[in-house]
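Asks: First to last, the protein sequences are chains Z and A.
Throughout, the working numbering is defined as the position within the first sequence, counted from one, plus 54.
Throughout, the working numbering is defined as the position within the second sequence, counted from one, plus 82.
Calculated directly from the structure, the hints in this document are not laboratory data.
No experiment lies behind these values; they were computed from the predicted model shown.
For each residue, glycine too, the CB sits at the ideal point set by N, CA and C.
Among the hints, erroneous ones may be present.
As the list claims (entries may be wrong) - For the chain Z half of the interface with chain A, some residues (derived, Cβ under 8 Å), not all of them:
id	residue
1	Ile149
2	Ile200
3	Ile214
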Amino acid sequence: MGKVFRFGEDVNTDEIIPGRYNVTTDPKALADHCFFEVRPDFCKNVNSGDFIVAGENFGCGSSREHAPIAIKASGVKAVIAKSFARIFYRNCINIGLPIMISDELYDVIEDGDEIDVNLKEGKIKILKNGKELRSQRFPEFILKIIDAGGIVNFLKNHDIGELEDGI
Amino acid sequence: MGTIAEEIFSKKLSRDVSAGEIVLVDIDVTMSHDNTTPLAIKALRNTGKPLFDKNRVVVIFDHVQPPASVESATLQKEVLQFIKKEGIKNFFREGICHQVLVEKGFVLPGRVIIGGDSHTCTYGALGAFGTGVGSTDIGVSYATGKNWFRVPETFYFDVNGSFNKGVYPKDLILKIIGKVGARGATYKACEFGGETIENMALGDRLTLTNMAIEMGGKTGLIKTDKITENFLKSRGYPYQEIVPKDPNYEKVFEFNVDDLTPQLAVSPKVDNVYPVEKYEGTEVDEVFIGTCTNGRIEDLEIAARMFKGKKLSPLLKTIIVPASNEVYFEAMNRGYIKIFMDAGAMVCNPGCGPCIGRHQGVIAPGDRALTTMNRNFVGRMGSDKGEIIIASPATAAATALNGKITDPREVI
Chain Z
55 MGKVFRFGED
65 VNTDEIIPGR
75 YNVTTDPKAL
85 ADHCFFEVRP
95 DFCKNVNSGD
105 FIVAGENFGC
115 GSSREHAPIA
125 IKASGVKAVI
135 AKSFARIFYR
145 NCINIGLPIM
155 ISDELYDVIE
165 DGDEIDVNLK
175 EGKIKILKNG
185 KELRSQRFPE
195 FILKIIDAGG
205 IVNFLKNHDI
215 GELEDGI
Chain A
83 MGTIAEEIFS
93 KKLSRDVSAG
103 EIVLVDIDVT
113 MSHDNTTPLA
123 IKALRNTGKP
133 LFDKNRVVVI
143 FDHVQPPASV
153 ESATLQKEVL
163 QFIKKEGIKN
173 FFREGICHQV
183 LVEKGFVLPG
193 RVIIGGDSHT
203 CTYGALGAFG
213 TGVGSTDIGV
223 SYATGKNWFR
233 VPETFYFDVN
243 GSFNKGVYPK
253 DLILKIIGKV
263 GARGATYKAC
273 EFGGETIENM
283 ALGDRLTLTN
293 MAIEMGGKTG
303 LIKTDKITEN
313 FLKSRGYPYQ
323 EIVPKDPNYE
333 KVFEFNVDDL
343 TPQLAVSPKV
353 DNVYPVEKYE
363 GTEVDEVFIG
373 TCTNGRIEDL
383 EIAARMFKGK
393 KLSPLLKTII
403 VPASNEVYFE
413 AMNRGYIKIF
423 MDAGAMVCNP
433 GCGPCIGRHQ
443 GVIAPGDRAL
453 TTMNRNFVGR
463 MGSDKGEIII
473 ASPATAAATA
483 LNGKITDPRE
493 VI
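So that you can see chain A by itself, here it is in the shape it has in the complex (with noise of 0.2 Å):
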């Protein structure tokens, strides 16, 4: 009984557990990659305890793949000690960990994983309570298998209506962030419903969920269906319900998408959110789609539509990286990655690229660039000088063609 955090909980404890009791539970799936591993080994080895269960550990290098620097490359090297010391199955570098983790199989309904990576509140797309921690949290169920929990109360986002033109997701999602604040859910599970949400493809659902962090949120959750099965079934990975009973929700949010519009959310806070109409023709030097929010098929298919046929001016940097090398494949097979450098963009290998400012395109002083990312901290993207614009993969798009922040209603 309950939300669907409260559910997953009680499914896992095989008892009734609500909000506000700290649990002790078994992780299903320990994730980290090449920049939180290092020191999850640290902790594990200062523990003095031999690896709990290395069939549920999961490392990706993705942050910085292939190693840009000699520091990189070194400690890359001592996480690759590890994997083969412990035997360690789970490694891939084919793309972002929360791609990948979705890809392969590891996140499933009910299952309680935690990530060396805030964004692993993505999961809660397929019914998977899924929560970022910190490298030592990693250690820790590394050496136990388990880890502690606040059971979370619940914010849920009740959208309706369906999207206008040029209008996707990824403006939902910065319309609630700029309507709660980047601390205005914290600690909380965001759960996200409503005719919108229950009509959206996976892809999209996981661009709403990867997002809950930038408001604090402990995880982003949505109830499965349908379409979460179709999607787990036709990839051969088993599928249980996972659905909020009787739940009591904190604070309910009511949101229609009839009116919505592109939104920015401009440097250097995310829920800094306005519609793309205020920044329209602002001058940018790069821009960049791709990342655990929009580097998924259904992003660089929008972006290939625009691109199709049309040159994209070499004064720009205009960078895309696919989320994985699946993403990669079907990109090429369709035709979009001839389509993406034929108009002159420059498609880098999949993983993180630029949005962790230590290669593939990183910004200088007084460089703006209008990205897909998730967050525009300053610094993130290298100078702090410089300035980060997040949009949707088609408000990037259209001011890539433009070379300057551009409504995508104008060009779709």
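In isolation and in its complexed conformation, chain Z is listed as follows (with noise of 0.2 Å):
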């Protein structure tokens, strides 16, 4: 159970993170300025566990993988978006930052609400009314990575060509 930071359509990376920020690899040191700028208060009151929930094509911009890095960092369970920028989306899967894409929960969730997510099975609780929601499924390989903890876990036991099985 987490509370939700709810976003905008076409957060970018600059938002998540901007560029004069990114002079650190330190996860921690990231994320104590993610939406630094667009929206001070995330820093300081997002607690492990919550949620971040945007509507269309979530980080689109830059290749920065501080972005991602810099919201698993500060305790996010997950982004669930109508839909995310392709390197965001390609990012998060490597560096095992759970994603949901979901069409429904961005227009019927408020700021502030709480809810419940059971990664594994696609599953969404928004806590106030019991409502449920399910998410779009990954495909087989991306599942591989995801189950892995991110492709560097991944590559740690596998060959690359294992992810062929999945395709």
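Put the two chains together into one complex, using the hints given.
Replies: Take a look at the structure:
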């Protein structure tokens, strides 16, 4: 169970973490500047297990992995959006930041609402009304990466060719 | 058989592949820069695997070059240690990655290139499949020489007509993005064709493909032709033909540039596109001409022609950053650098310049910048209380001359 931070559409990587804060690879230091300018209350109030909910095209813009790293290190359990920008989507899968695609949640949720999420089953429960939503399923080979906790962990124990078995 | 994207992946895998398929392919070039390499090294180390092939790795220092803070100097030092330890020969600090890769012959038709930079989509102007990825994907290619892709569906942009005086390919791509929207082409390959593209110089083609990502595109692509061949052969690089064969496009957009006028993308989104007239007379605090979108010799030539013999107000920050040393040298030889400096512009060393918001022209709260960049996101150039407007080099130069937004057709 966690609190929802609701953002808008087309949230870009400069908003998630402006370029001038990409001066470190330390996840905690990046988390300190997550949404620093567009939503200064985020870093202060976010707790481990909270959620980000957004509209279309979340994470558009730069390829900077600092953005999903900052979100992950701030304790966010999952980002749930209508859609994700391509590079950001790959980056999340690769670093093991859970993302979910839901067409409905964004339109029925308010900032501060509480939800419960079952990542494995792709279920989202809205606590204030008990409503349950389902997220889109990932392709098999992406599930392999997610299950390993990211592509780096996958490669520790597997050859990249093994991904093809799920393709 | 298929779109340019399908052709490239089919050639690469020696079998017919079509849009929607997920493929694992050898990566011809893995590129990253000072901002994205540190995390890529971390990813490689965490896999526990050695660097697969150092000859297919290119590292460019361009984002904050030379380093402007202790933090960036420290990160760059770590990258230098990696380069030395691994014996990586393809390391450059002489301009923006996308320009340098094209100039040095890393971008060749049919190649699959990934870059730790979203504007890697630029390379399709030479019939290569280039796409931006994050640092972990760079680390994966470091460790394995491969990566996975979903072969994208293609949007085709059929562009016809001739540009009027004072109107440029940058105005065209802004117009296209304004129409398609910032997420209108998400995951898609954006193929540009038609008589306007066929007659377009390579440098201008790079401006178009560079901005495919600004409508969400996975890459921008243009079929190879005599212009591509001449460019590559004049530099002693190999050429092969990459053209669509009986392609099946998901969507076709038609544009005619006969009536196109200079365009602006105003803060805070790249698809907020309006004709320059709407904002004419608006005062600006900074004008920046450069970047991987518009820092090439063709772009500097436009500005030099307009600045020749003129004086710019010192109250305005006018910043010019050639995209690479090669461009800088050519601009020097042609006398452009002298023209810029005589006019009172500040000419900085090749690299990304103020586009990354960390040096060479950071904007203050309340500043309005008119730039030739590809993004106008809040906070990108410095203060989040500043404003960024994107335009062609001609509109930027005309604006610098007057200190307020100016239609270049009135000045040229």
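Asks: Take the hints in turn and mark each one as holding or not.
Replies: Structure-based check of each hint:
| no. | hint | result |
| --- | --- | --- |
| 1 | Ile149 | holds, 6 Å |
| 2 | Ile200 | violated, 14 Å |
| 3 | Ile214 | holds, 4 Å |
Violated hint for the displayed structure: number 2, the only one.
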